[in-house]
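Given these sequences and hints, build the entire structure.
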Amino acid sequence: MRLLLLTAFLPAAAFAQTPTLQVMTYDSFVGEWGPGPRIEQAFEAECACNLVFTAPGDAAAMLARLKLEGARGRTDVVVGLDANLLAEAQATDLFVPHGTVPAVDLPVDWTDTTFLPFDWGWFGFVMNADMPQPHSFQELADSDLKVVIQDPRSSTPGLGLVMWMKAAHGDGAGTLWEGLADNILTVTPGWSEAYGLFTAGEADAVLSYTTSPAYHLLEEGDSGKVAPIFREGHYLQVEVAARLAASAQPELADRFLAFLLSDNAQRTIATTNWMYPARDVPLPEAFAGLPRPDKTLFLPPADAAAARDAAIAEWQAALSR
Amino acid sequence: MAGRAVPLTVGLAVLLLTFGPLAMVAAHAQGGWGADGPALRFTVLQAALSAVISVALAVPVARALARRHFRGRGALIALLGAPFLLPVIVAVLGLLAVFGRAGLVNQALGTVGLSIPIYGLHGVVLAHVFLNMPLAVRLILQGWQAIPAERMRLALSLGLGPRDIARHLERPMLKAVLPGTLAVIFAICLTSFAVALTLGGGPRATTVELAIYQSLRFQFDLGRAASLAALQFLLCAAAVLLAGRFAAPSGFGRGLDRVIPFAPAGWRRSADAAVLTLATLFLAVPLAMVAWRGLAGLGDLPPSVWGAAARSVGLALGATALTLGAALTLALSPARWAGVVATLPLAASSLVMGTGLFLALWPLLPPERVALPVTLVVNATLALPFAFRILHPAAQTLRQDYGRLADSLGLRGMARLRWLVLPRLRAPLGFAAGVSAALSMGDLGVIALFAAPDGPTLPLLVQQLMGAYRMEQAAGAALLLVVLSFALFFIFDWGGRRGSDL
Numbered sequence: 001m002r003l004l005l006l007t008a009f010l011p012a013a014a015f016a017q018t019p020t021l022q023v024m025t026y027d028s029f030v031g032e033w034g035p036g037p038r039i040e041q042a043f044e045a046e047c048a049c050n051l052v053f054t055a056p057g058d059a060a061a062m063l064a065r066l067k068l069e070g071a072r073g074r075t076d077v078v079v080g081l082d083a084n085l086l087a088e089a090q091a092t093d094l095f096v097p098h099g100t101v102p103a104v105d106l107p108v109d110w111t112d113t114t115f116l117p118f119d120w121g122w123f124g125f126v127m128n129a130d131m132p133q134p135h136s137f138q139e140l141a142d143s144d145l146k147v148v149i150q151d152p153r154s155s156t157p158g159l160g161l162v163m164w165m166k167a168a169h170g171d172g173a174g175t176l177w178e179g180l181a182d183n184i185l186t187v188t189p190g191w192s193e194a195y196g197l198f199t200a201g202e203a204d205a206v207l208s209y210t211t212s213p214a215y216h217l218l219e220e221g222d223s224g225k226v227a228p229i230f231r232e233g234h235y236l237q238v239e240v241a242a243r244l245a246a247s248a249q250p251e252l253a254d255r256f257l258a259f260l261l262s263d264n265a266q267r268t269i270a271t272t273n274w275m276y277p278a279r280d281v282p283l284p285e286a287f288a289g290l291p292r293p294d295k296t297l298f299l300p301p302a303d304a305a306a307a308r309d310a311a312i313a314e315w316q317a318a319l320s321r
Numbered sequence: 001m002a003g004r005a006v007p008l009t010v011g012l013a014v015l016l017l018t019f020g021p022l023a024m025v026a027a028h029a030q031g032g033w034g035a036d037g038p039a040l041r042f043t044v045l046q047a048a049l050s051a052v053i054s055v056a057l058a059v060p061v062a063r064a065l066a067r068r069h070f071r072g073r074g075a076l077i078a079l080l081g082a083p084f085l086l087p088v089i090v091a092v093l094g095l096l097a098v099f100g101r102a103g104l105v106n107q108a109l110g111t112v113g114l115s116i117p118i119y120g121l122h123g124v125v126l127a128h129v130f131l132n133m134p135l136a137v138r139l140i141l142q143g144w145q146a147i148p149a150e151r152m153r154l155a156l157s158l159g160l161g162p163r164d165i166a167r168h169l170e171r172p173m174l175k176a177v178l179p180g181t182l183a184v185i186f187a188i189c190l191t192s193f194a195v196a197l198t199l200g201g202g203p204r205a206t207t208v209e210l211a212i213y214q215s216l217r218f219q220f221d222l223g224r225a226a227s228l229a230a231l232q233f234l235l236c237a238a239a240v241l242l243a244g245r246f247a248a249p250s251g252f253g254r255g256l257d258r259v260i261p262f263a264p265a266g267w268r269r270s271a272d273a274a275v276l277t278l279a280t281l282f283l284a285v286p287l288a289m290v291a292w293r294g295l296a297g298l299g300d301l302p303p304s305v306w307g308a309a310a311r312s313v314g315l316a317l318g319a320t321a322l323t324l325g326a327a328l329t330l331a332l333s334p335a336r337w338a339g340v341v342a343t344l345p346l347a348a349s350s351l352v353m354g355t356g357l358f359l360a361l362w363p364l365l366p367p368e369r370v371a372l373p374v375t376l377v378v379n380a381t382l383a384l385p386f387a388f389r390i391l392h393p394a395a396q397t398l399r400q401d402y403g404r405l406a407d408s409l410g411l412r413g414m415a416r417l418r419w420l421v422l423p424r425l426r427a428p429l430g431f432a433a434g435v436s437a438a439l440s441m442g443d444l445g446v447i448a449l450f451a452a453p454d455g456p457t458l459p460l461l462v463q464q465l466m467g468a469y470r471m472e473q474a475a476g477a478a479l480l481l482v483v484l485s486f487a488l489f490f491i492f493d494w495g496g497r498r499g500s501d502l
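So the sequence lines, in the order shown, correspond to chains A and B. According to this note's numbering, the residues represented by the first sequence are 1 to 321, in order. According to this note's numbering, the residues represented by the second sequence are 1 to 502, in order.
Calculated from the structure, these hints are not laboratory results. Hints may contain errors.
[Claimed, not checked] Taking lysine to any residue and the SDA-like style, the derived pairs with C-alpha atoms no more than 25 Å apart in a straight line are:
no., chain 1, residue 1, chain 2, residue 2
1, A, K146, B, V105
2, A, K146, B, M289
3, A, K146, A, D109
4, A, K146, B, L126
5, A, K67, B, A27
6, A, K67, B, V370
7, B, K175, B, L45
8, A, K67, B, H28
9, A, K67, B, P373
10, A, K146, B, R204
11, A, K67, B, G20
12, A, K146, B, M471
13, A, K146, B, L109
14, A, K67, B, L372
15, A, K67, B, A360
16, A, K67, B, A29
17, A, K146, B, L104
18, A, K146, B, G113
19, A, K295, A, D109
20, A, K225, A, K295
21, A, K225, B, M471
Structure (structure tokens):
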């Protein structure tokens, strides 16, 4: 009987000594096919800790939940905030700097010491290779192609597209949106619905990432998807991680942030998150062979936040006609 | 008085769950209030059109179903439950497979050089009619079934023709049933978001719910979210109260529970056949496309799908029990407030509900630990308006026709439930349980924010699969979700209809 009691309590006792690291991230990160499970396994193998993911929705939902939790939150690390929302994130004072400028390899210089990029990608229009491919927004507007995009008011890629247009065309963005209006088949609330419409054959192209064709090549053996490169350049999405000020175990949190940039973790990113890893690690051939834009467009977080409302209003006005 | 205390308690609980979260959000608001004029206009316009067209089309279908008996009639009535239960994105993809740019209709039209674009206000209304017309048919059909056989027999023996029967029996019945049905569908469409945006073709089709989403997720403007959510409630309450004013009690009195099919011959027979054929095609073809798309992915489902399915079914059954208890209590209550209280959750924005509940529970409990119970209670609340609307006419008839007799016999409490209520409300109870269970399978608006750690529910898994590019597997998992929802619906509905004339 005593032995039975002892064994019943043993796991609990062992568990109590193991620190738990609470990591908040977006839902597709922790899915069976996302990077979450692999990263968890690899980190737990070396940290003598228990890594627990919390996924309250997409990147925007994550930031909203952190704000709702406020300063009393139990989250140690957040993974997957979108650079376009960083000004808002910065303003909450929920996050603390991790100290150094991270050694990352991005198409832009990264100097922020609070938010650590762990992967990135260029937005792009994914389409079937047998269709006439546009190489600029103007060519897309002049074509008969029907594309499906996401709403900037409810989706981070949708917001990315509006910033892309603004960064590339500035004051000319409104006119270009008007030209594009008849090419936009419809607007969906999120990326999944839009991509679903495209793969169902309803649209000729979909706003996604230039890395999306690699998924079709590697997972489906389908080389027929392309993301044509636009001459004005492509807007960059950077996904970042950060430690929360309220974390009770800052050292473990920092270890996890460092681990995110380790070779081990970075190598899983490409084929699980279908983005470019933030450090220069060997890529699968399907990734290495993807065409890359000559020019990268990116608004620093403060500029992005300042431009956002007007850019969305411009988009809305042009497409509401 | 004990008889009044129970409905009052239930009503208060529903009100607390409906408005409590809104109050929490408003209490945390820092910014001012805000409205969105164009979004409000579009929301009301599309909801009103959707409600009117759904009901206008449902009347001839319900009449044809009420007066014709044919092989497969039971199956067709069951099928009417299906569109309503589809997860939103699945319904949209199913409709687009038929009416979309690359859909069956436009492929056929393309051979003669034509095409009809689906995106726009008409597309939004088409989708809402697809989703809600079947519900309207079922609600109106109940009205037809409630015309006592004795009345029909009297009318026939007096030599009344179809026109006179329409005037003396059917129109009074419709006057009692239609306003409530219109109000329900209007309220459902008020909170439409993904359907309206996707089929509306762009920001022209911005609804209030999208503005709420934007406020909560991107602007973190809780004041604006709360004021928009309050606006939705006001619209919903106005619709329900207006419906209450126009609804005239049919006052047929009780009969001996038989239905005399009144089946006029001649052109009416052909017309009924045509109506039923068209309605079946309209509903079944998109459903068939959903099944077709899902079949390919069904063999390739990840093992985690079964755990997710089990969680979802468990949640659905728990929520159904709660919903039925609350709906029956409120439906049997003579008070007019019961109808308003039971309908208001329809206009609840699930996002505001999730956010408000999070704000309320966060200081007390770890959110991940209460994720499933909270989802269960929220799903039960969101299903309540449907269960109530299904039970209400029959429950009121029951109260009027048998209430005094039961009181004078001293039939109370469990005995009354067992000997009077359950047997007499068997068919609507089965239907209500089926709809509640199936609806609770599908909802995911609330659970996401609480982030249950022990694995996703089936709708959440569908979303995860889509988010990971796995559209085919997602379609398979969605088909599984539809099949399970429909199975739950069918079992309850069939159990209720068995032995009744419906």
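*If you draw a straight line from the CA of K146 (chain A) to the CA of D109 (chain A), is it 25 Å or shorter?*
violated (35 Å)
*25 Å Cα cutoff - pair K146 (chain A), M289 (chain B)*: Holds: K146 (chain A) and M289 (chain B) sit about 22 Å apart, inside 25 Å.
_Run the distance test for K67 (chain A) versus H28 (chain B): straight-line Cα separation, threshold 25 Å._
holds (11 Å)
*Are K146 (chain A) and L104 (chain B) close enough, with their CA atoms no more than 25 Å apart?*
Satisfied, since the Cα-Cα distance of roughly 18 Å is no more than 25 Å.
*CA of K146 (chain A) to CA of L126 (chain B), is that 25 Å or under?*
holds (21 Å)
*Given the proposed pairing of K146 (chain A) with G113 (chain B), does the C-alpha separation stay at or below 25 Å?*
Distance ~18 Å between K146 (chain A) and G113 (chain B) Cα, so the pair holds.
_What's the verdict on K67 (chain A) and V370 (chain B), does the C-alpha distance respect the 25 Å limit or exceed it?_
holds (19 Å)
*Is K67 (chain A) close enough to A29 (chain B), meaning Cα to Cα at most 25 Å?*
holds (12 Å)
*asked:* K295 (chain A) and D109 (chain A) were given as a pair; does the straight-line alpha-carbon distance stay at or below 25 Å?
replied: Status holds; Cα separation ~14 Å.
*CA of K146 (chain A) to CA of R204 (chain B), is that 25 Å or under?*
Given pair K146 (chain A), R204 (chain B) holds - Cα atoms ~18 Å apart, limit 25 Å.
*asked:* With the threshold set at 25 Å, check whether the alpha-carbon distance from K146 (chain A) to V105 (chain B) stays at or below it.
replied: The hint holds at about 18 Å.
_Between the alpha carbons of K175 (chain B) and L45 (chain B), is the straight-line distance 25 Å or under?_
holds (23 Å)
This entry does not satisfy hint 3, going by the numbered hints stated previously; all others are met.
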